[in-house]
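Student: Sequence:
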Amino acid sequence: QEYVERDTITFNASISACEKGGIWEPALHLLREMAEACVHRNTITCNAAVSCCEKGGVWEPSLQLLREMVEGSVERNTITYNAIVRACTHGLAWESVLQLFCEMAECRVDRDFITYG
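Letter 10 of the sequence shown, counting from 1, is numbered 10 in the numbering used here, and no numbers are missing.
Treat the hints loosely; a few may be bogus.
Distance windows between CB atoms, simulated [what the hints assert, rightly or not]:
1) T43 to T89: 15 to 23 Å
2) E5 to W94: 39 to 47 Å
3) E103 to I44: 16 to 24 Å
4) E103 to G22: 20 to 28 Å
5) T8 to L92: 29 to 37 Å
6) E60 to C102: 15 to 23 Å
7) R67 to T89: 15 to 23 Å
8) F113 to A37: 32 to 40 Å
9) Y116 to E2: 42 to 50 Å
10) E106 to G21: 31 to 39 Å
11) R67 to R108: 12 to 20 Å
Treat the hints as calculated values from the structure; they're not laboratory data. All residues carry an ideal CB built from backbone N, CA and C; glycine is no exception.
Using the sequences plus the hints, can you model the full thing?
Tutor: This is the structure:
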């Protein structure tokens, strides 16, 4: 009996599929499964999950993911912050957007035209 090994790459592919489908809840479930299986999360994993939240119109889970990235020492980049800023903008969470701008400056993460879009 053959099976696919559950590793960072397979989880990334699954979370990216959730992103393409615009479904955020299964993506967050997959992140929990990764933690339970002690599979390493990387920037690609988290960016895909944050993008799922943004496309799903939910901003609170994206901020939680950001906190988890910080706690897990997962590198954050412009793509990470842009997706969270867009999610917060859709949710009218302007205070969070301003905090994210400050955090980007503190972490020396570049802002681009998408950040301000």
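Student: Given the hint of 16 to 24 Å, check if E103 and I44 actually sit that far apart at their C-beta atoms.
Tutor: This hint holds: roughly 20 Å between Cβ atoms.
Student: Using the C-beta atoms of F113 and A37, is the stated range 32 to 40 Å upheld?
Tutor: Check passed, 38 Å falls within 32 to 40 Å.
Student: Confirm or reject the claim that E60 and C102 have a C-beta distance inside 15 to 23 Å.
Tutor: 19 Å, holds
Student: Range first: 31 to 39 Å. Now tell me if the beta carbons of E106 and G21 are that far apart.
Tutor: Cβ of E106 to Cβ of G21: about 34 Å, so the range 31 to 39 Å holds.
Student: Taking the beta carbons of T43 and T89, is their distance inside 15 to 23 Å?
Tutor: 22 Å, holds
Student: Do E103 and G22 keep their Cβ atoms within the hinted range of 20 to 28 Å?
Tutor: This hint holds: roughly 26 Å between Cβ atoms.
Student: Does the Cβ-Cβ separation between E5 and W94 fall within 39 to 47 Å?
Tutor: Since E5 and W94 have Cβ atoms about 43 Å apart, the given range 39 to 47 Å holds.
Student: Starting from the hint 29 to 37 Å, judge whether the C-beta atoms of T8 and L92 obey it.
Tutor: 34 Å, holds
Student: Indicate whether the distance between the beta carbons of Y116 and E2 respects the range 42 to 50 Å.
Tutor: 49 Å, holds
Student: For the pair R67 and T89, does the Cβ-Cβ distance stay inside 15 to 23 Å?
Tutor: Roughly 19 Å apart at Cβ, these two residues keep to the hinted range, so it holds.
Student: Do R67 and R108 keep their Cβ atoms within the hinted range of 12 to 20 Å?
Tutor: 19 Å, holds
Hint compliance for this structure: every hint is met.
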